[in-house]
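Asks: Each chain, letter by letter, is given below.
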Amino acid sequence: MMFLGIDIGASAAKAVLLGADRQVLASASGNSGVNFALAADGLRARCLAAAGPGAAAAYTVSTGYGRRNVSFADDTRTEISCHARGAHFHYPRACTVVDIGSQDNKIIRVDGAGKPVSFKMNRNCAAGTGAFLEEIAPRLSLPLGELDGLARKAREELELGSFCTVFTKTEILARIAGGARLEDIVRGVFGSIIKRIVEMDTLEGDIVMTGGVIAHNPYLGEMLQKKLAGKLFVPPAPQFAGALGAALFALELAAAGKK
Amino acid sequence: MDKRKEFTSTAAMKKVMAAYFHELDEAARTGSRKIAWCTSVGPAELLRALGFLVYFPENHGAMLGATRLAKDCIPLANAAGYSPDICSYLTSDIGACLKGETPLSRAYPGIKSPPKPDVLVYNTNQCRDVQDWFAWYARKFKVPLLGVLTQRGVGEVTSTHIDSVAAQIAALVPELEKIAGRKLEPAKLKETVGLSLECSRLWRQVLETAAHVPSPLTFFDATIQMGPAVVLRGTEAAVTYYKTFLAELRTRIKDGVWAVEGEKYRLYWEGMPVWGKLRDLSDFFAGLKTCVAASTYCNSWIFEDLDPEDPFRSMARAYTGLFIVRSEEKKEEYIGEMVKKFGIDGLLFHDSKTCPNNSNSRYGMPERLQKELGLGTVTIFGDLNDLRCYSEEQSKTKIEAFIEQLEK
Chain A
1 MMFLGIDIGA
11 SAAKAVLLGA
21 DRQVLASASG
31 NSGVNFALAA
41 DGLRARCLAA
51 AGPGAAAAYT
61 VSTGYGRRNV
71 SFADDTRTEI
81 SCHARGAHFH
91 YPRACTVVDI
101 GSQDNKIIRV
111 DGAGKPVSFK
121 MNRNCAAGTG
131 AFLEEIAPRL
141 SLPLGELDGL
151 ARKAREELEL
161 GSFCTVFTKT
171 EILARIAGGA
181 RLEDIVRGVF
191 GSIIKRIVEM
201 DTLEGDIVMT
211 GGVIAHNPYL
221 GEMLQKKLAG
231 KLFVPPAPQF
241 AGALGAALFA
251 LELAAAGKK
Chain B
1001 MDKRKEFTST
1011 AAMKKVMAAY
1021 FHELDEAART
1031 GSRKIAWCTS
1041 VGPAELLRAL
1051 GFLVYFPENH
1061 GAMLGATRLA
1071 KDCIPLANAA
1081 GYSPDICSYL
1091 TSDIGACLKG
1101 ETPLSRAYPG
1111 IKSPPKPDVL
1121 VYNTNQCRDV
1131 QDWFAWYARK
1141 FKVPLLGVLT
1151 QRGVGEVTST
1161 HIDSVAAQIA
1171 ALVPELEKIA
1181 GRKLEPAKLK
1191 ETVGLSLECS
1201 RLWRQVLETA
1211 AHVPSPLTFF
1221 DATIQMGPAV
1231 VLRGTEAAVT
1241 YYKTFLAELR
1251 TRIKDGVWAV
1261 EGEKYRLYWE
1271 GMPVWGKLRD
1281 LSDFFAGLKT
1291 CVAASTYCNS
1301 WIFEDLDPED
1311 PFRSMARAYT
1321 GLFIVRSEEK
1331 KEEYIGEMVK
1341 KFGIDGLLFH
1351 DSKTCPNNSN
1361 SRYGMPERLQ
1371 KELGLGTVTI
1381 FGDLNDLRCY
1391 SEEQSKTKIE
1401 AFIEQLEK
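Chains as they are written, first to last, in the numbering used here: chain A, 1 to 259; chain B, 1001 to 1408.
Just to be clear, a hint being listed does not mean it is correct.
PhoX-like cross-link-like pairs, simulated, lysine-lysine; straight-line CA separation at most 25 Å [to be verified]:
#: 1; chain 1: A; residue 1: Lys115; chain 2: B; residue 2: Lys1015
#: 2; chain 1: A; residue 1: Lys115; chain 2: B; residue 2: Lys1371
#: 3; chain 1: B; residue 1: Lys1243; chain 2: B; residue 2: Lys1015
Simulated from the structure, these hints should not be mistaken for laboratory data.
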């Protein structure tokens, strides 16, 4: 028996295929694009192909912004519940999940059973999310993949103070005009993401970071750790935490006979 | 898709509301009666007792929101110097006036505009914006602007508060008598306050039918049904309507007809409605088998402190004792009582961008109540009228995640 979790996020789509023993059999990712149903079909096909001939999902749960567009899903769960479940899979204890996604940041307090007990999301503003980096990188003429390496090479503390992505870009212009080093500016941008996170909620106990932004920019985790009293963990393949959580829900719902 | 179940009484409500607006319109066109504009929790009883027909711009604001005409009106007020950060009832309504637009024309054929006022009377018990809003019309129509300045953040309502507000209401009388062209008859005031009290009691009983589990009524139904309690309190018409509506709700309970089919969860809505998304949110919650059973907003038109034997002081007490006027401690106490009375599973806070006084999530209240009541809370970010401030997808994901959190 196999169980599929599909996470159609604002930017990236991810899928995880689990076996009955909760072993990850396959995973796949791609752009969510403009046709969520098509993205989901493609990911399912890739996961099943990777699992071998005759593979089929007994139960599928979809999550993310496009969760309702996955026609073959048996059920849906929000990304809040799925990231909580995915993080708990790797760290099976009460913890606080910090998910930095493309459009949303989430801080989810999770109990010992992997269930959210409270959560907060960013306000109606994408500053501090992945979309923020996607906006800033082209202004610095940088591919997204180079940000992490550059931030690590920063020498000076450079603070960007604005709440707003557009105004941050203006601030960056001023820094460029003032002759600031690119590496310092990039770390300043990372610092601004960290500020948005720590002002969303009090971060207590073990912190687990999930989502695509930490997957591609692990230095952010190191920067956040310095602000925390507790210990920060990043699971393997953090961008798949939501899809993994959805697959775990699929397994549980199938076991509970919800089909 | 689960849908809102309609009430048969609604047809009677529509008639009552139509008669109210047509009477105002006729008076404005012919000059047959004097018209007072009043804030929604202002001294409407005094105005009616003096023979004024009373019009409530906030009701017009809500109609602009519900019909989504607000989106085309707000920018006009913004351009005229009224910030997008201030009350979007104000900006919708002033914008509508600048545009020559009113939802009244569509709802009540024959009405071309809101009725021109002879006087404007506000009470700052809810916010300062009402004062600025009415001042704009006072300048435009060159009519008197009168008001009551109420203390805010009130803990216990003391005689100091009552003395101040009662004296201010009494001080309105000579001015209003001049405009009305008649003297205030104490018997008429007593009768009006009595009718307003009766309306309040019936409205409370209407809302309290939702304490039944499952509930025959949701917050979304109540926001529609509250029309007469807002614009016609102090009249027989409102009393008659709520007797009819209450009977229908009691019949629903007797017959086992519930607002949300298969109700599993019960929430409390703290804050303003998102007027342009009422039906959408109502259906969304129904799909989640969740009844929004009670709200601060709909409860705000219960004025049971009114006393026909002591009209001025009791009006002062009723209008100062309201939730919006009170301290954080009193508000939290009140929500705690509602949670018990209505069997609430979780609290939803609507942080309404342009309505700070109705957004109680900004000073740590959800966090405190979460601890005190042991209940989950969720805050959605939106607005009463300005849908530019409402992220639908994010709000719905939050609500859905909150319901998943409540699942056993």
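Asks: Indicate, hint by hint, whether the structure satisfies it.
Replies: Taking the hints in turn, this is what the structure says about them:
Between Lys115/A and Lys1015/B the CA atoms are separated by roughly 50 Å; this puts the pair beyond 25 Å, and the hint is violated. About 18 Å separates the Cα atoms of Lys115/A and Lys1371/B, which keeps this hinted pair within 25 Å; it holds. For the hint linking Lys1243/B to Lys1015/B, the alpha-carbon distance of about 15 Å falls within 25 Å, and the restraint holds.
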